[in-house]
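Q: Sequence:
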Amino acid sequence: MKNYDREELIRRLAEKVAVGEASREDVEDSGLKLKSGRSFNDVLKCGILKPQQEPGGNRLMVHHTMNNLREIVE
Numbered sequence: 003m004k005n006y007d008r009e010e011l012i013r014r015l016a017e018k019v020a021v022g023e024a025s026r027e028d029v030e031d032s033g034l035k036l037k038s039g040r041s042f043n044d045v046l047k048c049g050i051l052k053p054q055q056e057p058g059g060n061r062l063m064v065h066h067t068m069n070n071l072r073e074i075v076e
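Start counting the sequence shown at 3; every next residue gets the next number (our numbering).
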């Protein structure tokens, strides 16, 4: 898998995780593999941020969620 393909998969999953809409099926269907010792709950914890009410707040949440996801997926 090319690196940019992986980044796109992470971004798509992060968009759902950041707003609390991710399901176990979303994670399984994302094409991303969790690192050893990581679980679905770890994925959900990546998105636990308070929603921003300022313009661009959701984009910031997705960015932080993507950074967190990079640490737990292969």
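Note that these hints are calculated values from the structure, not bench results. Careful: at least some of the hints might be erroneous.
DSSO-like, lysine-lysine: derived pairs with alpha carbons at most 27 Å apart [to be verified]:
1) K35 - K18
2) K37 - K18
3) K37 - K47
4) K47 - K35
5) K47 - K18
Derived CB-CB ranges, DEER-like [said to hold, decoys possible]:
6) N60 - S38: 23 to 33 Å
7) L11 - R61: 10 to 20 Å
8) N69 - D7: 30 to 40 Å
9) N43 - N69: 26 to 36 Å
10) K35 - N69: 27 to 37 Å
Since the model is a prediction, treat every value here as computed from it, not as a measurement. For every residue, glycine included, the Cβ atom is placed at its ideal position computed from N, Cα and C.
Q: Confirm or reject each hint.
A: Taking the hints in turn, this is what the structure says about them:
Proximity of K35 to K18 is assessed by CA-CA distance (about 17 Å); at most 27 Å being required, the pair is judged to hold. Our distance criterion of 27 Å between C-alpha atoms is met by K37 and K18, whose separation comes to about 20 Å. Note on K37 and K47: the hinted pairing holds, with a Cα-Cα distance of about 15 Å set against a maximum of 27 Å. The suggested pairing of K47 with K35 holds, with an alpha-carbon distance near 16 Å, which does not exceed 27 Å.
Between K47 and K18 the CA atoms are separated by roughly 12 Å; this keeps the pair inside 27 Å, and the hint holds. Look at N60 against S38: about 31 Å separates their beta carbons, and that is inside 23 to 33 Å. Range check, L11 to R61: about 18 Å between beta-carbon atoms, so the 10 to 20 Å window is met. Evaluation of the 30 to 40 Å hint for N69 and D7 yields a failure: the beta carbon distance comes to about 18 Å.
Taking 26 to 36 Å as the suggested C-beta distance range, the pair N43 and N69 does not conform, at roughly 18 Å. Under the hint 27 to 37 Å, the C-beta atoms of K35 and N69, about 18 Å apart, miss the expected range.
The structure shown violates the earlier hints numbered 8, 9 and 10.
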